[in-house]
Each structure stands twice: as structure tokens, then as C-alpha cells.
Amino acid sequence: MEKLVSLEIDGKKVKAREGMTVLEAAKEVGIEIPTLCYHEKLEPYGACRICCVEVEKGGRTQVVASCGYPVEEGVKVKTRSKRIDQIRKTIIELIAPSLSDGGVVGKVRELADEYGADTSMFMSSFKATPTRCILCGQCVRYCSEVVAANAIGFVGRGVERRVVFLPERASRFCPTCRECYDVCPTGKIAAETDGSIFPEFSIDDFLSGRM
Amino acid sequence: MIGISGIVSKIVDKYQEDRDMLIQILLDVQSGLGWLPKEVLTEIGKQLGVPLTRVYQVATYYKAFSLAPRGRHLVRVCMGTACQVRGSPLIRDRLQQLLGIEPGETSPDMKFSFETVNCLGCCAKGPVITVDDAYYGPLGVSDVDKVLEKYG
Amino acid sequence: MSRINSFAELEKLRQEIKGKRDPNKPCITLCSGTACHTSASESVNEALERELDRQGLKGEIGLRRTGCHGFCEKGPLVVIYPEEACYINVQPEDAAEIVQGVKEKKIIERLLYSDPVTGEKIVHESEIPFYKNQHRLVFGPNRWIDPKSIEDYLYIDGYSALAKALSQMTPAQVLEEIKKANLRGRGGGGFPAGRKWEETKNAPGEPKYVVVNCDEGDPGAYMDRSLMEGNPHSVIEGLIIGAYAIGAHKGFVYVRQEYPLAVENLYIALKQAEEYGFLGENILGSGFDFRVKVHRGAGAFVSGESSALMTAIEGKAGEPRMKYIHMSQRGYKEKPSCLNNVETWATVPFIINKGSDWFNSIGTEGSKGTKIFSLVGKVNNTGLVEVPMGMTLRQIIYDIGGGIPKGRKFKGVQTGGPSGGIIPERYLDTPVDFDELAKIGSMMGSGGMIVMDEDTCMVDMARYFINFCCEESCGKCIPCREGLRVLSGILTDICEGEGKEEELQTLERVAEVMKDASLCALGATAANPVLTTLKYFRDEYEAHIKDKRCPAKVCKNLINYYIDPEECEACMICLRNCPTGAIQGGKNLVHWIEQDKCIKCGICYQVCPERFSAVEKLSGEPVPAPMPGREVVRKKE
Numbered sequence: 229m230e231k232l233v234s235l236e237i238d239g240k241k242v243k244a245r246e247g248m249t250v251l252e253a254a255k256e257v258g259i260e261i262p263t264l265c266y267h268e269k270l271e272p273y274g275a276c277r278i279c280c281v282e283v284e285k286g287g288r289t290q291v292v293a294s295c296g297y298p299v300e301e302g303v304k305v306k307t308r309s310k311r312i313d314q315i316r317k318t319i320i321e322l323i324a325p326s327l328s329d330g331g332v333v334g335k336v337r338e339l340a341d342e343y344g345a346d347t348s349m350f351m352s353s354f355k356a357t358p359t360r361c362i363l364c365g366q367c368v369r370y371c372s373e374v375v376a377a378n379a380i381g382f383v384g385r386g387v388e389r390r391v392v393f394l395p396e397r398a399s400r401f402c403p404t405c406r407e408c409y410d411v412c413p414t415g416k417i418a419a420e421t422d423g424s425i426f427p428e429f430s431i432d433d434f435l436s437g438r439m
Numbered sequence: 076m077i078g079i080s081g082i083v084s085k086i087v088d089k090y091q092e093d094r095d096m097l098i099q100i101l102l103d104v105q106s107g108l109g110w111l112p113k114e115v116l117t118e119i120g121k122q123l124g125v126p127l128t129r130v131y132q133v134a135t136y137y138k139a140f141s142l143a144p145r146g147r148h149l150v151r152v153c154m155g156t157a158c159q160v161r162g163s164p165l166i167r168d169r170l171q172q173l174l175g176i177e178p179g180e181t182s183p184d185m186k187f188s189f190e191t192v193n194c195l196g197c198c199a200k201g202p203v204i205t206v207d208d209a210y211y212g213p214l215g216v217s218d219v220d221k222v223l224e225k226y227g
Numbered sequence: 137m138s139r140i141n142s143f144a145e146l147e148k149l150r151q152e153i154k155g156k157r158d159p160n161k162p163c164i165t166l167c168s169g170t171a172c173h174t175s176a177s178e179s180v181n182e183a184l185e186r187e188l189d190r191q192g193l194k195g196e197i198g199l200r201r202t203g204c205h206g207f208c209e210k211g212p213l214v215v216i217y218p219e220e221a222c223y224i225n226v227q228p229e230d231a232a233e234i235v236q237g238v239k240e241k242k243i244i245e246r247l248l249y250s251d252p253v254t255g256e257k258i259v260h261e262s263e264i265p266f267y268k269n270q271h272r273l274v275f276g277p278n279r280w281i282d283p284k285s286i287e288d289y290l291y292i293d294g295y296s297a298l299a300k301a302l303s304q305m306t307p308a309q310v311l312e313e314i315k316k317a318n319l320r321g322r323g324g325g326g327f328p329a330g331r332k333w334e335e336t337k338n339a340p341g342e343p344k345y346v347v348v349n350c351d352e353g354d355p356g357a358y359m360d361r362s363l364m365e366g367n368p369h370s371v372i373e374g375l376i377i378g379a380y381a382i383g384a385h386k387g388f389v390y391v392r393q394e395y396p397l398a399v400e401n402l403y404i405a406l407k408q409a410e411e412y413g414f415l416g417e418n419i420l421g422s423g424f425d426f427r428v429k430v431h432r433g434a435g436a437f438v439s440g441e442s443s444a445l446m447t448a449i450e451g452k453a454g455e456p457r458m459k460y461i462h463m464s465q466r467g468y469k470e471k472p473s474c475l476n477n478v479e480t481w482a483t484v485p486f487i488i489n490k491g492s493d494w495f496n497s498i499g500t501e502g503s504k505g506t507k508i509f510s511l512v513g514k515v516n517n518t519g520l521v522e523v524p525m526g527m528t529l530r531q532i533i534y535d536i537g538g539g540i541p542k543g544r545k546f547k548g549v550q551t552g553g554p555s556g557g558i559i560p561e562r563y564l565d566t567p568v569d570f571d572e573l574a575k576i577g578s579m580m581g582s583g584g585m586i587v588m589d590e591d592t593c594m595v596d597m598a599r600y601f602i603n604f605c606c607e608e609s610c611g612k613c614i615p616c617r618e619g620l621r622v623l624s625g626i627l628t629d630i631c632e633g634e635g636k637e638e639e640l641q642t643l644e645r646v647a648e649v650m651k652d653a654s655l656c657a658l659g660a661t662a663a664n665p666v667l668t669t670l671k672y673f674r675d676e677y678e679a680h681i682k683d684k685r686c687p688a689k690v691c692k693n694l695i696n697y698y699i700d701p702e703e704c705e706a707c708m709i710c711l712r713n714c715p716t717g718a719i720q721g722g723k724n725l726v727h728w729i730e731q732d733k734c735i736k737c738g739i740c741y742q743v744c745p746e747r748f749s750a751v752e753k754l755s756g757e758p759v760p761a762p763m764p765g766r767e768v769v770r771k772k773e
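Chains as they are written, first to last, in this note's numbering: chain A, 229 to 439; chain B, 76 to 227; chain C, 137 to 773.
This is chain A alone, in the form it adopts within the complex (with noise of 0.2 Å):
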């Protein structure tokens, strides 16, 4: 017998399975919490935070990433809130410049619709070359973790980090597979390669500098 843990979200009094996450929970009783890095066959990264929710606990309240905030008992979750919707709101504005190329689609779209974030805002301070990519990583962690082919990968630190292919490996397994192209939020993957040349995509061009 599982052990039911009781939270109230957005006003709704839920029972949860313990070890569920309030994402999953909040799925349950039909509230959608939007998500740029969640796929449900990946573990949880927690990289884009637009899963943040304010959490209250003890008469204290904390902002925390639904996606990865296990149930607690008693606690009461808000998915929306004016904290909430100008951290979501922000993160789109933020990430907007790095799209700029290909535009603002499908899912960046709807949240900067749903939540009035001007795309522009940021577009001065952003001194380098759009590249048309988030970092979530759901690429990365489907190839490693679903596919295990571990053809593309992650390199660099911080505003250098990047998505890259591993030639080598990708020409054995991405003609066939291609189901990275699927998760991509912003539609990178399926407009810069076709699974067998990766153009200003590989780890060459990463170390080279060209990325």
C-alpha cells in the first residue's frame, strides 16, 4: 500500500503517491504546469524554471521548480501568482535573443503570448550569436537516456555551454533514429541537420571556435 500524501493545489485539496513530484501531482487533478526542459520519459533537469511554483510550508513561502519538488504533506502550491508569472515571463524574455534566428515558435510562443513577454527586451544586451538553442538538454539526456547512443552531448560552461554532435558516433545511429528532432523545443535540430551532416553542429566546430 502506497503511502498518499494530502497538499492542496491552487486552492484544490489533492492526494498525491509519495515520491511524486507536484508537477506530476498537479497533472493529475487536470492543472497544467508549463515546461520547456520536462519529458516524461527523462529524469527531471530543472534547467529552463518555467515549472516554478511558490511552495508554502510552515507560514513560509519559497519559489521551487514543480518538476522536481517532491510532495510534502500539508504544503500549499500556487502555479500562478504575480512572483510566478514575472519569473516565466522573464525566462522567455531572456531567452528570446538566443532564438532570434529562427524566431519565436511553438512553445516560446504560447508562454510569450500567455504571459506578455516582449522578446525584444533583452535583444541589446545580447552581445553574441543567436544559436537558435535553449540548453535544455532534452536531446542530450533522450539520446543518453532512451536511446542510449549518447551521439550528442553537451560541451563548455556558461554562456559558452553547447549542443553538439559527435560525428563519429551520430553517422552510425542518427540516419535511422532521429527522435531528437521530436523533443527539440525551437525546432533547431530538425532545421540545422539531417541526421547525417551537421553543419556548424559537431564537436569540431565547437573546438575550432565557429560555434
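One or more hints might be untrue.
What the hints assert, rightly or not - Across the chosen pairs, the derived CB separations fall in these ranges:
#, chain 1, residue 1, chain 2, residue 2, range
1, C, 756, A, 356, 28 to 38 Å
2, B, 144, C, 239, 31 to 41 Å
3, C, 306, B, 179, 48 to 58 Å
4, A, 405, B, 108, 32 to 42 Å
5, B, 179, C, 541, 39 to 49 Å
The hints are simulated quantities; they were obtained by calculation from the structure and are not laboratory data.
From the three backbone atoms N, C-alpha and C, an ideal C-beta is built for every residue, glycine too.
Chain A is fixed; fit chains B and C onto it per the hints.
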């Protein structure tokens, strides 16, 4: 290829092929070769049984690793807070001017590699620079060329 | 050396060591921490050795290379025992005189410290004002031991706390003692160590681990380095005691590779501890097993964060992960892991030996014990200081630090590293205490205490810290990676004279989102230096934006170098040293700077002889037109 696999297996054996020791292995290999060539990274991944993506991620994540050959002399300028307050940016700019390269680069004649480092822990003698194992400080901006002259 | 297999054997060995040493035998001790090393303590050592050899005195006069004494400004430091006579700024040429002095029991006056105000010469190390006001509990033993000698450590009763814990106390009693002592973590967070130990001990899952955090990433802080270099056994002893209390049989030390001497001395100490039987199986016959492995870092500040550190010792890229479950529950390989700072572990043996009541008698209500700080920057007595919690910033900076050099005016003191804040003059009487420092917008941090004066630009310092975090951010989460990019862009614009008033609000808004939504504490606290400088030094920001002026005259785009024709005596020094040939003039002709050619390198400012001080920095005012061909008017003597 035989040379590389021998060099790598000696170090991988020292750490009993323990995957947790990937970073230690990379440090030791770089210590011997001076940098980490691609073939070496591939060999390490193979011998340790670690995905190449992870080897590259680790090798490009940490500042200590260099995936390009380095110059004969490594010049490092400390940009720690105490040195900053005592004027290290002027020292860095002077080095950049004299060496003709930016931090993170190696001079085309392969003589010098130039790096900034975030605190060498010699704050009392700041601003500090090191050239290979030698420390120089407290340094004034007009002393920089005299230090570099020692290395030709 | 055969392994010590019982408490009785340990005591017997200790008495043997003490019996063989004559406390009255003259001994020359030489500080050999990295800072003194860079000022030639190596050559001083060689010179002393040669001199002792030459005079045939090797048997009669001891020579010991010790760990860091802390007074780095005055190194190389030599202390003669048993007199405790302290010589400063020792050079290899002084070796013969020093040896002669020891032989004849004569003090060498010229090598003594002299009080900057009275000129009085001070003989004893502990009477020097820098030391007199300190309470060198944890750091003090550095000066009595050679860190490469376990017998030196045993001589000063090292490993007696471990013996006491294993022979007279149960693990629960050891844990209780640390809890009662109210020891708070010395790495920055100030989390109660006893509580962390207890959480780890009670967490479900085996095996459990204990870990030493010697990553010390805060730029300007080097306390842990000097402890690990100077007294590695104290850290090991504390770690073993902690492992015993928690029920861990494996430990790790994560040490940054930028500290080669600390790494070397740590390896030596661990090997000795194994040989002597303080590590391994059935320690001192107690039945308790414990082993330690070392992991070197590879240059990533964020890898010192607890979840990142666990990932690093698993051989992966050390980036943080969501930490809603503490490392004490699920850390290294998802097992309960207790991570504490070097200084925290090193404090443990003292608490076990002298008791929690004694520890509670030092410090304040909320912060017990002592803390080691690196007092650096614009301060006369730069070095490492250890004080009781509760001493005020003013006392540390002025009574111990000797105040600001060259008569400049204090502007601020930075504590807490990139997560902390710059504290202005009006808060100088704040006691050093975890909660008191947090109240004024900063934090204790790991112990870096960087003093700044009127020549430090606060906007430039904010930019410096943001750029540091930009370089060190792992880049995984959006608020930190992209937020820092925006903050860096805005602060750079302000420093270059391109800042806009509205951007100050943008800074605050982005900082707020970083604080709330970042994955780890690096992102959440990275904006603190910006927020505190905006709070306490807003006028400097306004000057940069509205007047295009840098009050401290630091920001290159907002300053001009100018040679005052009234002061210039045409000595030609600046002219000859200018790398771009921007200085015009000549013999007997007043020098002047061609502003278009000037790259603001600062060389002329540095080389102009102090008695002329003709080079000035101007900011926010027009540069007076040059007067080519003007002759020098020599000053009358």
C-alpha cells in the same frame, strides 16, 4: 596509436579503471602530454568504458584542461578580488599588449600561453602573475615587460 | 614504523616523541606557506641549511619548515624558539647573522617588527599587534609543526581527540558533543554541523560518506589552502571523528588542483596516517574502519557547491542538480553524504578535547567559536587572521589590519565572496557573526574579507563579480546563464559610459528573478554584489550614467591621464616608458600626453617619481589643452 594507448592504459591502470576517477585521469594525462589531443580523449573513453560525450563534456567543462597544444611557457595573471582591487586589470591589459594574444590563447610562435586565473591564494603579494612555476608579485604595470624579458 | 594498534601504544609513542625532544633546544622555524614561498622562503631555507652545515651546528640548532603563520605581508617569516623571537622580511643574506644570533642567544634588532606608530621594536611574535588581537585556535598550531611530519603533530597532542572519541565515547556521544557546541559550517552557509551530521547518520541508506570541501573558490580567500598546507592532519583527524559519529567508513577530500602544495602535503599526511594506523582497518584497535580518497578539482568554482561536488567526485562534469533533497539524504551516488568545509573539520578535534561548554564560551549567541579570515586588499597588514566571532569589522581592519595604506580613506569591505556584499563605513561596528552580517545584506561566506578604499570603483567591483559568475556559471539553467549575461552587458555599458538610467531598474528586476528561480545558490546569490552596491553606493552609479564620471577614477573609458605642467620636472621617465609614444616633450620641456595615442595603461602614473606626482587622473571634466614647448620651472629646494 600504440603510443597513445600505452600512455593512457598506464594511467587508467593506476586508477584501477575506476570511472569515478575520469577527472583525475584527465589531469594526469594532461600533466604528461601538456594538453589533451582528440585521439587521447577517444582512447580514455574506450579504456574506461565511458561514453565519449561524457569525456568531451568533462574535458570542455573544466578550465584546467586544454584541448589545443600549449606554448612553452604558461603565463597566468591572478584576477582574484584582492588582486583586482590592487590593479590586476591593468596588469592583464599590459600582458595582452606585450604578448599580442588574449587570455585563453597561445602565441602563434608557441612560446607563450596566456590565462587568467581566479585566485592563486597569494593575496598579500598581489597583483600576482605566474610564469610556469615562478610567482611574481607585487607587480606594477611597468614591471611586466621586465618579467617577460626573462623568458626571451 | 609499525602500525599503532591500541590507545596505550599511541600514548607510549607520544611520550617517546616528547621524551626525545628538548623544549629548550634552539630551533629556527621558517614559514613555508605558498605566500612566503613566492617571496623566496625556499632560498632562505637553503641559506639557513648551508649556514648551519658550515658552522657544524646541525645537531645543536633545529631548523623546521612550518605551515603558514598568517602574516603574509611581512614574509618570509622566521621565528626563533624557545624565545619566540619573530623576524620579518627575511632574505637569504640574513642567514649567517640569524644562525650566529641563535648561537649567541642574541636578538637581531634590524629584523624585528617595529610598531608603525611608536617605532618600538617588538621581539615576541604573540606581542605584535597583528597577532595580539587574534585568537589563533585552529590556525595557531601551523607555526609549531612541519606539515610533512606526523610526529610533529603527535608532539602537540595531535590525534588525542580521535583516541578520546574512539576509546571513551560512543558515536552518539560524539554527535551530541558537536551538536551542543553549536558549530556552524565555516564554508559559507553556516549550517549547524551537528544537525547535518545527525541527518546523515539517520538517513536511510548505506554506505554513508563524509567529504571535505577544499575547493575554496571564493577569489581572495585562502584560509583553507593554508590550513590544508600547514596542518593537514588536523583536518584528517576531524574527518575521522565525524565518520565515527555518523557511521561512515569512506571519506573523500575534494581539493582544487590550483593548490599544488596543499595537494602534496595532503597526500603525504594521508600516507602517514595510514602507516601509523589512524586510517584503514580497526583504527587503534577500536574496531572502526575508515579510508579516504582524494579528488582534485580541475578549475570550476561551481563544483564547490554541494550537489555539484558530489557529481564531480562521481567523475562527471561538476554541475549542480536540483537539491530539494539534501546531500545528507542523497549525495554521492544517491547515498547519505556529509559535506563540510576544511575549517569546520579542523575545529572538531578541539571541541572533542576541550568540550562543547568551552567552545560555547567563545563567540556570540548565534555564532560560537573562532573564524579564520583572509584580510586582503587595501589594508596594511595583509594576511590570514583568526578571531573570536563577535569581534567587529573595525577591530579587524584597524587593530589587526593596521588600517588603510598610504593614508587613503576606507570605502568598503567585501565579505562572502561573489555571493556577498560590500559593506560601507557606517556598518564597520558590525560584529562578525553569521546573522549580523546577513542583516546588512552581506554574509560571512568562507572568510574572504577584501578591504577597499577611495580608489576602488564600486560599479567596477559589481561588474567584476558578475563577470566572475558569468565565467563560472555551469550554464545549465536559464535565469543564471542568461541573467548574468544581461547583468554583465548592462554593467559593462555603465562602466564604459554608455549606461542608461532605466537600466538600473532592469538590473533589479533580473536580479530578483535570478534570486527566485535559479537552480543553485550561485545563480541565486550572484546578483548580491550588484544589489548591495546599488543600495550603498548608488551615487557612483548615477555619476557614471548621468555625468559620465567615475569618482574613483578607475573606469578606463571615463578617465584621462594628464600631466600637470606645474608639477612636471621633465625627468623623461614617463616619456621613455610610454608604450605607445603618446607622451611628448623632452629635456627641460614639460611633458604632455597626446590623448588620441593614450591607451590608459597606467604606466606613466606608476613611474612618475613620488616627489613630483605630476601625473593625474581626470574624470568627468575636460582635459586642459597641452602646452607644447613650455619650459620646466624647477622647484626651489
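| query | For this structure, which hints from the list above don't hold up? | reply | Checked against the structure, the hints that fail are numbers 2, 5, while the rest are satisfied.
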